[in-house]
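Engineer: Protein chains in written order, with this note's numbering: chain A, 1 to 115; chain B, 1 to 113.
Keep in mind that the hints were calculated from the coordinates and are not lab data.
This one's a predicted model, so the numbers in the text were calculated from it and none came from an experiment.
Do not take every clue at face value.
[Unchecked claim] Residues from chain A that keep clear of chain B, each with C-beta distances beyond 12 Å, as calculated: (1) Ser-27; (2) Ile-47; (3) Asp-56; (4) Ser-58; (5) Ser-73.
[What the hints assert, rightly or not] Calculated pairs, DSBU-like style, for lysine-lysine (alpha carbon to alpha carbon, straight line, at most 30 Å): (6) B/Lys-108 <-> B/Lys-49; (7) B/Lys-68 <-> B/Lys-108; (8) A/Lys-17 <-> A/Lys-78; (9) A/Lys-11 <-> B/Lys-68; (10) B/Lys-68 <-> B/Lys-100; (11) B/Lys-108 <-> B/Lys-61; (12) A/Lys-11 <-> B/Lys-49; (13) B/Lys-100 <-> A/Lys-78.
Each residue gets a CB set at the ideal place from its N, CA and C atoms; glycine is no exception.
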Amino acid sequence: GAGVSQTPSNKVTEKGKYVELRCDPISGHTALYWYRQSLGQGPEFLIYFQGTGAADDSGLPNDRFFAVRPEGSVSTLKIQRTERGDSAVYLCASSASAANHGELFFGEGSRLTVL
Amino acid sequence: AQSVTQPDIHITVSEGASLELRCNYSYGATPYLFWYVQSPGQGLQLLLKYFSGDTLVQGIKGFEAEFKRSQSSFNLRKPSVHWSDAAEYFCAVRGGGYQKVTFGTGTKLQVIP
Numbered sequence: 001g002a003g004v005s006q007t008p009s010n011k012v013t014e015k016g017k018y019v020e021l022r023c024d025p026i027s028g029h030t031a032l033y034w035y036r037q038s039l040g041q042g043p044e045f046l047i048y049f050q051g052t053g054a055a056d057d058s059g060l061p062n063d064r065f066f067a068v069r070p071e072g073s074v075s076t077l078k079i080q081r082t083e084r085g086d087s088a089v090y091l092c093a094s095s096a097s098a099a100n101h102g103e104l105f106f107g108e109g110s111r112l113t114v115l
Numbered sequence: 001a002q003s004v005t006q007p008d009i010h011i012t013v014s015e016g017a018s019l020e021l022r023c024n025y026s027y028g029a030t031p032y033l034f035w036y037v038q039s040p041g042q043g044l045q046l047l048l049k050y051f052s053g054d055t056l057v058q059g060i061k062g063f064e065a066e067f068k069r070s071q072s073s074f075n076l077r078k079p080s081v082h083w084s085d086a087a088e089y090f091c092a093v094r095g096g097g098y099q100k101v102t103f104g105t106g107t108k109l110q111v112i113p
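If we strip away everything but chain B, and leave its shape as in the complex, we get (with noise of 0.2 Å):
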């Protein structure tokens, strides 16, 4: 069964910081990734994706993350930090021919200025 961990609950930074959010995911074959950003109130949007190929993927909002197939990891970066950013983070696996999304249970993120 495919799963994913997401290892910090919750992460401060500072304004102009960079950042970077883990993720590790099990499942047996290559995967599909996605890292969403739930903000207070809102519904939850689609940051980046992986699929196959280039394993740094670009998303929005000036995010990337980077599939490390032997680290089972699609960590989320964002080189500087802005305090709009604040929200939560859900780090998501998809198997090849299946359409169940599994989520992990987030990390919410913290701006300081």
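Bound conformation, chain A alone (with noise of 0.2 Å):
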């Protein structure tokens, strides 16, 4: 597509629910990422994709997150029994390759709310 698409844009849930958000990056870019944003923060790594591969998670809070990509360009992220802390803008970028230093596309987000 033409940029990275993130749905759904909003995310109502309530606490202790499982939630799923995806990200449909730019055709052709072999990397993805996932970062979170809270109100008045930078966005805060937590993981990032090369191909299918996670090959860096260390940003993920804990068990209750995670996140696929099985086929190389749409990802998932999964947060089980969600809790008020997680409500957040959660961000998917993309980038072409190692080549390109690390310059990321961004989606405009899926904001969650957790209540």
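Using the hints, put the two standalone chains together into the complex.
Structural biologist: Here you go:
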């Protein structure tokens, strides 16, 4: 597609529920990133995929968070047993390759609200 | 570990005035440095980037930034600010050969007539 697409744009859920957020990167981009942005903060790194594998998941806050990218394109961020503190905007970005020195192209984000 | 500090949370400038947003980074070797802008309701957009070579880099929308290794800084500048520049600006750093990009906490720019 023309840009990084994220769905849903808004998600309201109740504490304890399971949530999936989807990211469709720019066609041909091999690297995909998930960030979390809380109000008044900068994007916080969660996980990075190179192809199908998670190259760095050091930013995932705990084992309730999990992400997959089974075919090396679309990625899903999964959050189990959601907590109010998970409320944030979840940003996805893609990058063509290591050759472009980490230039990231961002989607508009999925705003998650946990009641 | 790499990190970025943006000491100014909020800056107000008059339209037509010059602008400088500060960014200091921490990384053991030569970093890759970026400035992104985020307008309300929009995604992050890359303004400019530094990889190597000339330490003064030009970006979109009339912005420029200068890499100063001795000061571990990468400040963003614009000679004359326009009302449409009101947004939040993020500095980011990436280490060579390593894909993780670390962002600062951002500086919110307000432009007054």
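Engineer: Against the structure, test the hints numbered earlier, and report the numbers of the ones violated in rising order.
Structural biologist: 2, 3, 4, 9, 12
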